[in-house]
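Peer 1: Please put together the full structure from these sequences, using the hints given.
Here is what each chain is made of, one letter per residue.
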Amino acid sequence: MSSQGASLSRDAGSLQAAPEKVPTWEEVAAEHGRFVYSLAYRLTGSGADAEDLAQDVLLRVRTALARYRPGSLEGWLLRITTNLFYDRMRHRARHPTEPLDDLEDPCEIAPSGSPSPEDSALHGELRFVVQEALRLLPHQFRVAVLLCDLYQMSYEEIASTMGWRLGTVRSRIHRGRAMLRERLAPYVEASEA
Amino acid sequence: MSERHPRGRELSSSLDGGLPRRRAEAVARHVETCPACARELAALRDVKSALASQQEVEPRPGWLRRVQEEVAAGTRPSSTSWIRVRLRLRLAAGIAAAAAGLVGVGLWLAPPPPAPVSFQDEVRQHLVQISNPLGDQTSYVVEARYP
Chain A
2 MSSQGASLSR DAGSLQAAPE KVPTWEEVAA EHGRFVYSLA YRLTGSGADA
52 EDLAQDVLLR VRTALARYRP GSLEGWLLRI TTNLFYDRMR HRARHPTEPL
102 DDLEDPCEIA PSGSPSPEDS ALHGELRFVV QEALRLLPHQ FRVAVLLCDL
152 YQMSYEEIAS TMGWRLGTVR SRIHRGRAML RERLAPYVEA SEA
Chain B
178 MSERHPRGRE LSSSLDGGLP RRRAEAVARH VETCPACARE LAALRDVKSA
228 LASQQEVEPR PGWLRRVQEE VAAGTRPSST SWIRVRLRLR LAAGIAAAAA
278 GLVGVGLWLA PPPPAPVSFQ DEVRQHLVQI SNPLGDQTSY VVEARYP
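Protein sequence lines correspond, in order, to chains A and B.
Sequential numbering from 2 applies to the first sequence in our numbering.
Sequential numbering from 178 applies to the second sequence in our numbering.
Because the hints were derived from the structure by calculation, they are not lab data.
Be aware that a few hints might be false.
[Unchecked claim] Each pair of labels, with its calculated beta carbon distance range:
1) B:R198 x A:V23: 25 to 31 Å
2) B:V282 x A:R93: 35 to 41 Å
3) A:H92 x B:A274: 25 to 31 Å
4) A:A67 x B:G239: 28 to 34 Å
5) A:E126 x B:G278: 49 to 55 Å
6) A:E126 x B:R198: 55 to 61 Å
7) B:S295 x A:H92: 55 to 61 Å
[Claimed, not checked] One side of the interface only, derived from the structure: several residues of chain A facing chain B at Cβ under 8 Å:
8) G34
9) R35
10) G48
11) L59
12) L60
13) R128
14) F142
15) C149
16) Y156
17) M163
18) I174
19) A179
[Unchecked claim] Now the stretches of chain A that chain B is said to cover, found in silico as 3 or more residues with beta-carbon under 8 Å:
20) 36-46
21) 49-58
It should be emphasised that the depicted structure is a prediction, and the values quoted were computed from it without experimental measurement.
Each residue gets a CB set at the ideal place from its N, CA and C atoms; glycine is no exception.
Peer 2: Shown next as structure tokens:
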């Protein structure tokens with residue numbers, strides 16, 4: 002899997018594919034546990050919080066598998082993960098506390114791909130900067146741009162997954178991108194130079 | 178230049194195929210002839226590309242196996258956030274107990290509060306002399322000291 006976006010678009014394609022059998026929890030954890038963790042990391046921006054969220058997602062999957070209808074398994078996991086994350090953020094907004102996590106070590110972001118040697122340093126830095134810029138976005142905008150740009154979901158799919166109106170999806174994606182644009186401008190221009 | 182400038186979110190949506198066909202065509206025509214909107218669209222496209230190029234993040238080695246083993250064993254995996262919350266609660270309780278102790282010791286060591294002083298005593302403390310040099314009943318000289 003070269004990227005998460007490719008992963009989900011391939012999975013979305015399986016919506017029209019032949020029906021699959023309902024996997025066991027062990028199969029879901031073994032084959033998709035890293036996908037859930039990676040998504041959780043993008044959403045929370047912290048290794049510890051990502052472990053916590055991904056773990057809770059896997060526990061929820063254990064009881065929810067009985068209701069799973071074969072189709073897009075990663076889409077289903079994505080829905081559970083983003084909704085659980087969103088619930089937590091709403092809970093945190095109602096019961097504000099100090100942030101639990103400090104800035105993480107960039108070394109924790111370990112891409113599974115293998116970039117070419119000549120651009121690995123530049124793109125490695127860009128990946129870290131993008132992750133940091135994402136982490137600083139308000140969570141509604143972060144969810145919107147992640148689902149659209151990284152997981153390549155359509156506006157309708159995002160609206161259905163998050164229970165948002167289409168206009169809200171459109172607005173949050175744009176505002177998220179506009180904020181990211183401000184933060185990433187020096188790096189994007191540098192990488193293009 | 179054709180038509181009005183599209184809104185920012187229309188430019189964003191045009192990248193995602195999220196506009197109705199006729200509006201998408203109008204935005205595309207406008208961008209072809211408007212350098213400002215073309216720059217804006219290019220910047221938004223760069224952001225989208227930067228996000229799309231993010232790769233999967235690996236968990237710490239052993240994390241997934243630990244979750245699998247604990248779930249298989251029927252024990253709920255420990256939540257790192259809850260551990261941190263519990264530690265914070267313990268720390269807060271410790272600080273509160275220490276503060277209460279300090280207040281208690283302070284009250285015990287502090288001198289007792291002075292007894293209330295009447296108004297007359299207060300006046301007497303400052304009064305030096307009242308005289309009636311003219312001998313009448315309307316002229317008095319009052320000498321008092323002030324702290």
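Peer 1: If you test the structure against every hint from before, which numbers come out violated?
Peer 2: 1, 6, 14, 17
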